[in-house]
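*Asks:* Sequence:
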Amino acid sequence: MQGLRKLVKRGVWAAALAGMVSMQAGAAELTPIKVSYQPAVYWALPFYVASEKGWWAEVGLKPEFSIFPAGVPQMAASASKSWDVGATGSVPAVLGFVRFGVKTIGLSNDESQANLLLVSQSKYDQVKANPASLKGQTIVLTSNSTGDYAVQACLKKFGLSKADVTLKNMGQAEIISAVSSNNADYAGVWAPNSYTLEEKANAKVLCTGKDGGAVVPGALIARGDYAKDNPENVAKFLAVYLRTQNWLKSNPTEAVALMKKFYQQGGVTISESAMQKEFSTRPVFDLQQQLAAMDRAKGASQMDSWFTQIATFMQGSGALAKVPAAKDFIDSSYMAKVQADPKLSAFAAQGK
Numbered sequence: 001m002q003g004l005r006k007l008v009k010r011g012v013w014a015a016a017l018a019g020m021v022s023m024q025a026g027a028a029e030l031t032p033i034k035v036s037y038q039p040a041v042y043w044a045l046p047f048y049v050a051s052e053k054g055w056w057a058e059v060g061l062k063p064e065f066s067i068f069p070a071g072v073p074q075m076a077a078s079a080s081k082s083w084d085v086g087a088t089g090s091v092p093a094v095l096g097f098v099r100f101g102v103k104t105i106g107l108s109n110d111e112s113q114a115n116l117l118l119v120s121q122s123k124y125d126q127v128k129a130n131p132a133s134l135k136g137q138t139i140v141l142t143s144n145s146t147g148d149y150a151v152q153a154c155l156k157k158f159g160l161s162k163a164d165v166t167l168k169n170m171g172q173a174e175i176i177s178a179v180s181s182n183n184a185d186y187a188g189v190w191a192p193n194s195y196t197l198e199e200k201a202n203a204k205v206l207c208t209g210k211d212g213g214a215v216v217p218g219a220l221i222a223r224g225d226y227a228k229d230n231p232e233n234v235a236k237f238l239a240v241y242l243r244t245q246n247w248l249k250s251n252p253t254e255a256v257a258l259m260k261k262f263y264q265q266g267g268v269t270i271s272e273s274a275m276q277k278e279f280s281t282r283p284v285f286d287l288q289q290q291l292a293a294m295d296r297a298k299g300a301s302q303m304d305s306w307f308t309q310i311a312t313f314m315q316g317s318g319a320l321a322k323v324p325a326a327k328d329f330i331d332s333s334y335m336a337k338v339q340a341d342p343k344l345s346a347f348a349a350q351g352k
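Oh and the sequence shown: position 330 is 330 in UniProt numbering, straight run, nothing missing.
FYI, nobody ran anything at the bench for these hints, they're computed from the structure. You may find that some hints are simply not true.
Stated by the list, open to error - Computed list of lysine-lysine pairs in BS3-like fashion (alpha-carbon distance at most 27 angstroms, straight line): (1) Lys81 - Lys34; (2) Lys34 - Lys123; (3) Lys128 - Lys327; (4) Lys261 - Lys277; (5) Lys210 - Lys81; (6) Lys200 - Lys123; (7) Lys204 - Lys128; (8) Lys210 - Lys156; (9) Lys53 - Lys322; (10) Lys34 - Lys337.
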């Protein structure tokens with residue numbers, strides 16, 4: 001009997017040891033991938049949720065995150081290879097290609113309604129009734145950003161030009177401080193900063209990028225050299241992102257709860273109604289919609305047109321010497337790899 005007990009004990013320990021070895025081997029098999037983003041923004045939420053749910057490991061990836069306060073330093077960091085893939089605004093994505101060879105490999109969301117021109121409560125009624133009264137005013141914004149792009153589209157809608165106003169460059173945190181302390185009446189911001197100003201400074205939305213006819217896409221990106229050398233990893237990264245967005249759409253209650261945690265980690269606290277607005281005003285793209293937006297079968301794709309308009313804006317602001325050809329930096333091949341792999345495409349399509 002004692003011999004049997006010893007054998008059982010040995011068997012249990014052997015099984016436990018085998019399990020530990022198996023787990024260690026599984027962990028060792030995960031491929032590190034360096035993911036860059038900006039904190040407390042809607043399009044970065046999938047990175048956090050995928051980590052919470054363990055979905056990176058399901059495709060064999062182990063993310064290492066790099067966080068940047070804005071798109072320009074994020075793009076600059078690609079030169080030192082501090083990140084491999086990520087997401088950013090469309091303006092820094094174009095700049096990233098021109099300066100550092102960063103490729104745009106997909107769409108994170110349509111943030112046309114999330115980049116906008118806010119007005120202080122004291123000036124709102126006057127300028128709402130007569131938008132031309134903006135002439136001669138100072139608008140604080142972050143230069144060469146999607147917020148800047150949206151503001152200039154709004155000015156055009158009102159029959160004004162960049163020359164009719166003074167555009168003062170500030171970081172988003174500075175803008176929040178300036179408006180909150182009554183040192184600025186007009187501001188170009190993006191969500192969730194816009195919600196902060198609406199809720200805590202009683203600022204009002206005068207015009208969104210969508211109102212001004214500007215499409216403001218968010219970009220999924222990869223370092224050009226990394227993508228070329230690691231196409232399979234880039235495709236897996238895209239599959240994780242798409243799968244997480246599908247889940248967020250299918251699970252709104254838990255999605256809001258996770259957004260609250262993610263935003264708080266980034267130092268942003270907004271109301272639940274504002275978080276609901278983040279989801280309701282930010283269209284996202286599933287795999288088929290991504291491929292359709294990147295399709296060049298009949299000439300320039302929809303994405304080509306959107307990003308060319310943004311690059312033209314950047315040339316006008318002096319950020320670019322010339323407008324790059326969209327086909328040189330928008331690469332659909334990695335999204336196509338997701339579609340071509342039955343396991344990856346099925347994974348990307350999951351919504352539960």
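*Asks:* Compare the structure with each hint and give your call.
*Replies:* Outcome of the hint check:
no., hint, in the structure
1, Lys81 - Lys34, "holds (9 angstroms)"
2, Lys34 - Lys123, "violated (45 angstroms)"
3, Lys128 - Lys327, "violated (40 angstroms)"
4, Lys261 - Lys277, "holds (17 angstroms)"
5, Lys210 - Lys81, "violated (35 angstroms)"
6, Lys200 - Lys123, "holds (16 angstroms)"
7, Lys204 - Lys128, "holds (10 angstroms)"
8, Lys210 - Lys156, "holds (12 angstroms)"
9, Lys53 - Lys322, "violated (43 angstroms)"
10, Lys34 - Lys337, "holds (20 angstroms)"
Going through the hint list in order, the structure does not satisfy hints 2, 3, 5 and 9.
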